[in-house]
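When you get a sec, could you build the whole thing from the sequences and use the hints?
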Amino acid sequence: MPRGDTMLENRPKPTPVSAANTGGAMVRMQDVAKDFSVRGKETRALQPINLTVNRREFVSLVGPSGCGKSTALNLVAGLLTPTSGQVFYDGQLVQGLNERVGYITQKDTLLPWRTAADNIAVPLELRCRNESRKVIRERVAEMIELVGLRGFDKHYPGELSGGMRKRVALARTLIYEPETLLMDEPFGALDAQLKLLMHDQLQRLTQQRKMTVMFVTHDLAEAIALSDRVVVFSARPGRIRAEREIPLDRPRDVFKVRFADTFSRLHEELWNELKDEVVKGTDV
Amino acid sequence: MASVSINSPVAQSGVRNDEPGALGRAMLTTRGLIISRILFLAAVLLTWEFASGRIISKFWLSTPSAIMQTLWKWLHDGSLWVHLEATLTEMSLGYVIGCVAGVFIGLVLGFLPTVYRVVVPFLGGLYCLPKIALAPLFVILLGIDLGSKVALVAISVFFLILYATLDGIHDIDRDLVQALRIMGATRREIAMKVLIPGCLRWVFTGMRIAVRYAFTAAILGEVIASNRGVGYLIEAFSGQYNSTGVFAAMLVLVACSLTASELLTRWESSATHSKAGV
Ligand SMILES: Nc1ncnc2c1ncn2[C@@H]1O[C@H](COP(=O)(O)OP(=O)(O)O)[C@@H](O)[C@H]1O
Ligand SMILES: [Mg+2]
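Protein chains in written order, with my numbering: chain A, 1 to 284; chain B, 1001 to 1278.
Keep in mind that a hint or two might mislead.
To be verified - Distance condition first, Cα-Cα at most 20 Å in a straight line; then the derived SDA-like pairs of lysine to any residue: (1) A:K154 - A:E138; (2) B:K1193 - A:L126; (3) B:K1073 - A:S132; (4) B:K1193 - A:E57; (5) A:K154 - B:S1270; (6) B:K1058 - B:Q1240; (7) A:K154 - B:S1269; (8) B:K1193 - A:E185; (9) A:K210 - A:R114; (10) B:K1193 - A:R114; (11) B:K1193 - A:K210; (12) B:K1073 - A:T71.
Honestly, the hints are just simulated from the structure, not real lab data.
Quick look at the structure:
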């Protein structure tokens, strides 16, 4: 089974910068649906959805598991092609891999033969960035500090816990500061306190670097605390059930924001949307 | 894979315990283990020495003392060297040629999946062929000297390493490749950072196993047709019903094979990150 054929395809040319007619839209999914065929049987993972993420916006996708959240991110990253509809990135149709996004996948993709530090260094070693060794070492040390992994830089992925590996993956993506971040349940495996620390860092970084973020989570409070907008997906096959702007001021104090009245009101409102879907989702 | 044990929590916490076999951890300390092994060996040798000539004729079984004497004599008068040198030369030349060709062709086929798909049934056919069946052909083509044995060793090693390399490449998680491609890695960078390091472990495992195959091929080649080498010694002594000589030559083989295997294990653990856990 030569799986190699897709491994070494020539990578697509980087998409040229911004067509003016898209306004503020960084990601635009237009009537995008996705079917998977499993053993000859077509199943729909995503019903036609329309979703726009503006430049510098932080958008969270929540919904019961299996509703197509990861599929949506894969479509934006160009890892999947839509069955119908189109995905635009910065005004350009996404065809082939979208190299302008940094993608922290739900699945672990660290190189098992490299230490945490060497994994984080990978993007900077690539020719398109081509940093000097000294710069790489300094930036890696900074990132390790940032994700709270000091002392674990010489550990191999096999010697780290799930939460630690996620943080290494996070550092590996943040280190090259892609203009858009796709994050698929990045903090699912972290304990509550660490999660809050990571929220704080993530907010600071994305604000500072003016990043656009699509963030998948099953933690509604996390979604509200971090986002400018929360999108609730219905149970499988996913469609967008509700969208809600989060009118909380920036910068937010991620530790205190959940005690604000607005926060609990939003939480209740969104939870009402979500809970029916979760019930539906779980009896499948 | 021996290197895996390095990852065990036991090894990390510094408590050395040899082989925690299926029935639980070994109960011996390292020193106790060495002593037990020496005692075991002594018991076997003594039983052999005693049984020989009493229960079974010395003619068939020889005795450990006679074997040691013979070995000592070979080492002393230097008659062993010409044979050992011949075997080691055949084996190491063939081994290196087989490994280099195997890794090279393996990588090429791994990178060119279409070519791989075309040639795979033919490779499979050759792989299944017992290489020893080629020995007479090599003798005809290359004579009874070095060449035919080197060819036999090389071809045996080649297929083993080829398949180890291909398995290694096919075992690599496609998602790793995609992750790097999203970061902007070129074909070359994917090869250097994912495909080659990813299959290294498999190649080393293949190379360790191949040492034994190389020896077997060299010895068989000599047994079939030759005028020197350890295999020739075995063949010649058994022709003379000299069991002592056969055993002594076999002992030389065991020593060589163990040494080579051990050297390779050391090289492997220093060359790869033995802690990577894969
Ligand atoms: N590669 C695939 N092949 C077949 N079915 C898939 C594949 N990826 C996802 N699916 C199906 O699509 C649906 C949505 O999956 P996913 O996007 O992973 O959901 P989520 O991330 O919201 O939990 C699920 O029912 C899943 O079984
Ligand atoms: Mg998912």
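Right, here's what the structure says about each hint:
no., hint, result
1, A:K154 - A:E138, "holds (15 Å)"
2, B:K1193 - A:L126, "holds (10 Å)"
3, B:K1073 - A:S132, "violated (62 Å)"
4, B:K1193 - A:E57, "violated (34 Å)"
5, A:K154 - B:S1270, "holds (16 Å)"
6, B:K1058 - B:Q1240, "holds (15 Å)"
7, A:K154 - B:S1269, "holds (17 Å)"
8, B:K1193 - A:E185, "violated (26 Å)"
9, A:K210 - A:R114, "violated (30 Å)"
10, B:K1193 - A:R114, "holds (10 Å)"
11, B:K1193 - A:K210, "violated (30 Å)"
12, B:K1073 - A:T71, "violated (75 Å)"
Hint violations for this structure: numbers 3, 4, 8, 9, 11, 12, all remaining hints satisfied.
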